[in-house]
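K.L.:
Sequence:
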Amino acid sequence: MGATGTGKYRFSIELTTHFREELINSDKMQVYKGLDIVTSKITHAEKQGVRHYLLGEIEKDSYFKAEDFCQKSIVYIENILKTQCVLIIVAKMNTFINNNNKFNKKKVVFIMGETGTGKSRLSIDLTTHFREEIINSDKMQVYKGLDIVTSKITHAEKQGVRHYLLGEIEKDSDFKAEDFCLKFIFYIENILKTQCVLIIVGGSNSYIEKIVEDPVFMFKYKYDSCFIWTDVDQSALNRRVYTMVDEMVNKLSFL
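Here the sequence shown is numbered in the working numbering, starting from 1 and rising by one per residue.
One should not assume that every hint holds.
To be verified - Derived DSSO-like pairs: lysine-lysine, alpha-carbon spacing no greater than 27 Å straight-line: (1) Lys171 x Lys106; (2) Lys220 x Lys193; (3) Lys222 x Lys183; (4) Lys33 x Lys47; (5) Lys171 x Lys158; (6) Lys8 x Lys60; (7) Lys28 x Lys183; (8) Lys28 x Lys105; (9) Lys107 x Lys222; (10) Lys105 x Lys33; (11) Lys8 x Lys65; (12) Lys65 x Lys106; (13) Lys193 x Lys171; (14) Lys33 x Lys106; (15) Lys47 x Lys106; (16) Lys139 x Lys171; (17) Lys220 x Lys176; (18) Lys8 x Lys47; (19) Lys222 x Lys105; (20) Lys107 x Lys193; (21) Lys210 x Lys193; (22) Lys176 x Lys106; (23) Lys158 x Lys193; (24) Lys60 x Lys82; (25) Lys107 x Lys176; (26) Lys107 x Lys183; (27) Lys107 x Lys60; (28) Lys158 x Lys106; (29) Lys139 x Lys222; (30) Lys210 x Lys220; (31) Lys106 x Lys144; (32) Lys47 x Lys171; (33) Lys82 x Lys139; (34) Lys28 x Lys139; (35) Lys193 x Lys222; (36) Lys171 x Lys105; (37) Lys106 x Lys8; (38) Lys222 x Lys210.
Hints in this document: simulated from the structure, not taken from any laboratory. Since the structure is predicted, the reported quantities are computational estimates derived from the model, not experimental observations.
I would like the entire structure built from these sequences, with the hints used as guidance.
P.N.:
Listed below in structure tokens is the structure:
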């Protein structure tokens, strides 16, 4: 990066003497077709056969936003790196790169693990360090009722921390992974706007895999993730599960 006239493109081309490379332009004026002289675009001769992307690609009457730049760049980056080329992004200051908060991704924490390993307790303990809100991803606990059978965290155990998708869905609904994802996307944007740390807690890997891996939801493009897997010694886990079963039986006996 650098100001106009500081030799960014010349330097990038000179690097071809050391690396096999391809370039992505991130100058917000040079992405458009035409305007070659006005925007001081690198000429065909100056490219010396090095392939350039997003240089004179966009129609002049298009409204090409930072989000559009990111989407095209992600595709190009993946394709370039598959060829074992060195990828170089060339830009002036104050361009798509440093004006675009998509390169400073928002953070999402996943807490996963088997039943009885303390996922919910850990998520609440984190409130001593962060202001957080929680999305449940357990596919049984999303439904209304069944609080005892599904070992839902109680109102007291929540300690005032807001939970989403916990006992929200009608029991006779066919709530699929796609439905979870749509609700999740809505909640995640609202939560992160409040500057809270978002924590997803649950043992249903199919929901989590769907939201993270399905390219439709662009999760990896939008967010950085930290995955925490809770685990305990098997004997301790057995004791904990037995205790949970006894507690459930006792609660049910009073209904």
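K.L.:
Could you run down the list of hints and mark each one as holding or not?
P.N.:
A quick look at each hint next to the structure:
no.: 1; hint: Lys171 x Lys106; verdict: 33 Å, violated
no.: 2; hint: Lys220 x Lys193; verdict: 18 Å, holds
no.: 3; hint: Lys222 x Lys183; verdict: 16 Å, holds
no.: 4; hint: Lys33 x Lys47; verdict: 17 Å, holds
no.: 5; hint: Lys171 x Lys158; verdict: 22 Å, holds
no.: 6; hint: Lys8 x Lys60; verdict: 24 Å, holds
no.: 7; hint: Lys28 x Lys183; verdict: 34 Å, violated
no.: 8; hint: Lys28 x Lys105; verdict: 21 Å, holds
no.: 9; hint: Lys107 x Lys222; verdict: 9 Å, holds
no.: 10; hint: Lys105 x Lys33; verdict: 30 Å, violated
no.: 11; hint: Lys8 x Lys65; verdict: 23 Å, holds
no.: 12; hint: Lys65 x Lys106; verdict: 19 Å, holds
no.: 13; hint: Lys193 x Lys171; verdict: 31 Å, violated
no.: 14; hint: Lys33 x Lys106; verdict: 33 Å, violated
no.: 15; hint: Lys47 x Lys106; verdict: 36 Å, violated
no.: 16; hint: Lys139 x Lys171; verdict: 12 Å, holds
no.: 17; hint: Lys220 x Lys176; verdict: 21 Å, holds
no.: 18; hint: Lys8 x Lys47; verdict: 12 Å, holds
no.: 19; hint: Lys222 x Lys105; verdict: 6 Å, holds
no.: 20; hint: Lys107 x Lys193; verdict: 12 Å, holds
no.: 21; hint: Lys210 x Lys193; verdict: 23 Å, holds
no.: 22; hint: Lys176 x Lys106; verdict: 26 Å, holds
no.: 23; hint: Lys158 x Lys193; verdict: 22 Å, holds
no.: 24; hint: Lys60 x Lys82; verdict: 31 Å, violated
no.: 25; hint: Lys107 x Lys176; verdict: 25 Å, holds
no.: 26; hint: Lys107 x Lys183; verdict: 18 Å, holds
no.: 27; hint: Lys107 x Lys60; verdict: 35 Å, violated
no.: 28; hint: Lys158 x Lys106; verdict: 24 Å, holds
no.: 29; hint: Lys139 x Lys222; verdict: 24 Å, holds
no.: 30; hint: Lys210 x Lys220; verdict: 12 Å, holds
no.: 31; hint: Lys106 x Lys144; verdict: 30 Å, violated
no.: 32; hint: Lys47 x Lys171; verdict: 63 Å, violated
no.: 33; hint: Lys82 x Lys139; verdict: 37 Å, violated
no.: 34; hint: Lys28 x Lys139; verdict: 45 Å, violated
no.: 35; hint: Lys193 x Lys222; verdict: 14 Å, holds
no.: 36; hint: Lys171 x Lys105; verdict: 36 Å, violated
no.: 37; hint: Lys106 x Lys8; verdict: 30 Å, violated
no.: 38; hint: Lys222 x Lys210; verdict: 15 Å, holds
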